[in-house]
Amino acid sequence: MTILSVDDSTTIRRIVKRSCEELGHSVLEAADGAAAIATLEEKSGEVSLIILDWNMPGMTGLEVLKKVKSDPKTKHIVVMMLTSEADMNFVKEALAAGAQNYLTKPFDQKMLALKIQESMTMIPA
Amino acid sequence: MSTEVALIGFPRLQEQIATRLLSEHDVHVEHVGHEEAAARLQMFNLALFFWPDGGEVAMQRLKAMKEGLGDHVCPIVIVTSHTGQYTAQHSVGGNDGAEDIMLTPLQPHDVLQKLSKYTGAVKAKDPIAVDADFINPFVSGTVETLKQMAGMNCERTGLRLAPDATSTGFYSGTIGLSGKAEGFVSVTFSKDLATNIVCKMLSMTTEEVTEEDIRDGVGEFMNVVAGAAKAELVNTKHAFSLSIPQVFSGGPHTAAQPRGIPVFVIEFKADGERFDVLVCLRQTHS
Chain C
768 MTILSVDDST
778 TIRRIVKRSC
788 EELGHSVLEA
798 ADGAAAIATL
808 EEKSGEVSLI
818 ILDWNMPGMT
828 GLEVLKKVKS
838 DPKTKHIVVM
848 MLTSEADMNF
858 VKEALAAGAQ
868 NYLTKPFDQK
878 MLALKIQESM
888 TMIPA
Chain D
35 MSTEVALIGF
45 PRLQEQIATR
55 LLSEHDVHVE
65 HVGHEEAAAR
75 LQMFNLALFF
85 WPDGGEVAMQ
95 RLKAMKEGLG
105 DHVCPIVIVT
115 SHTGQYTAQH
125 SVGGNDGAED
135 IMLTPLQPHD
145 VLQKLSKYTG
155 AVKAKDPIAV
165 DADFINPFVS
175 GTVETLKQMA
185 GMNCERTGLR
195 LAPDATSTGF
205 YSGTIGLSGK
215 AEGFVSVTFS
225 KDLATNIVCK
235 MLSMTTEEVT
245 EEDIRDGVGE
255 FMNVVAGAAK
265 AELVNTKHAF
275 SLSIPQVFSG
285 GPHTAAQPRG
295 IPVFVIEFKA
305 DGERFDVLVC
315 LRQTHS
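Protein sequences, first through last, are from chains C and D. Per the numbering used here, the first sequence runs over residues 768 to 892. Per the numbering used here, the second sequence runs over residues 35 to 320.
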């Protein structure tokens, strides 16, 4: 399966990429919201899961999430937020906007792998 | 007549913190050496006596001070660490003992309480400036982030107040904070420690990791620490939002600082090397 990792930090994108590849998935990367939307316009059929940061320059992760979930071509894609925003109000807002999973930073590799696997079970058949 | 407070035998960092906290009240602070303390204590309304971890010499000094006081009333409050309190607590109470104990790092509300209890003459000039309740979430955020993201342990080794926000490490990451409280938080690492941490975060060797990797890793580290602290402070008067982190490399860097607001420098040690987290936060009226 293909996972789109959206984070302005190359550190986080690398950590996510390594975890996804260890689980046997391929990874596309985007450094901001606009790049993520552009990638989805081109490859929405390939992407099964988006791992999405919240605080990024330009579009926020929440704005990207709302755009993904309002577009018939992408609304089926499972979205997992991966963010330093650990406040419960943010979690609720993301879930209300259609995110299916939420992992707060800091995280360790095991937890990330677990959350990715959990998110994969939410992909529609 | 102003309240006279003596700081006796304080090491430099503890003296800075105590002086800063006391300066927020209408008291006059004087630093007094051990050798003159017994003779001069009658001139003061309150004495804060620094008690090192080993207690035998301190016990003798306390006894000498009490003898020097005679019938004059000057309460003596022992200031000591969590370790030092085990020896100090035997020297509290009774005719020859100190009146009370305060533990380091000194907390604003403890200082206020002791001043109020023993001198009755307290007037906070600016309670916001010395309110440091927001420090602990940054400490726990730092410890947890290093543990989770890099598999490294660290310990807090000190806390002090600095007049400006100069980061002395080679790599410094800074995040602006805004909302009910505003200011910034910075982390500053030596080149070696930053490289080591980022290598562990990325599971890379020092040969593989690039300058850009380290800069990004330091920024992300700061972002995660600030996020963790933000979550703990969300329902308090210190609630804030995060900006995008900025990273500086090459040596000392001074962040822009809200005027008149002190910078708390939280000192840590990881892998035998020191790093600092600087926190400058004040409440806004929004």
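Just to be clear, a hint being listed does not mean it is correct.
To be verified - Calculated lysine to any residue pairs in the SDA-like style (CA-CA distance at most 20 Å, straight line):
| # | chain 1 | residue 1 | chain 2 | residue 2 |
| --- | --- | --- | --- | --- |
| 1 | D | Lys234 | D | Leu146 |
| 2 | D | Lys234 | C | Met878 |
| 3 | D | Lys234 | C | Lys836 |
| 4 | C | Lys836 | C | Met878 |
| 5 | C | Lys859 | D | Asn269 |
By construction, these hints were calculated from the structure, which means they are not laboratory data.
Right, here's what the structure says about each hint:
Taking the CA atoms of Lys234 (chain D) and Leu146 (chain D), the gap is near 43 Å; set against the 20 Å cutoff, the hint is violated. At roughly 17 Å between alpha-carbon atoms, Lys234 (chain D) and Met878 (chain C) fall within 20 Å of each other, so this suggested pair holds. Proposed proximity of Lys234 (chain D) and Lys836 (chain C) is contradicted: the alpha carbons are some 36 Å apart, above 20 Å. At roughly 25 Å between alpha-carbon atoms, Lys836 (chain C) and Met878 (chain C) are farther apart than 20 Å, so this suggested pair is violated.
In summary, the hint linking Lys859 (chain C) to Asn269 (chain D) is supported, as the alpha carbons are separated by about 16 Å, within the 20 Å threshold.
Of the hints listed earlier, those the structure fails to meet are numbers 1, 3, 4, in rising order.
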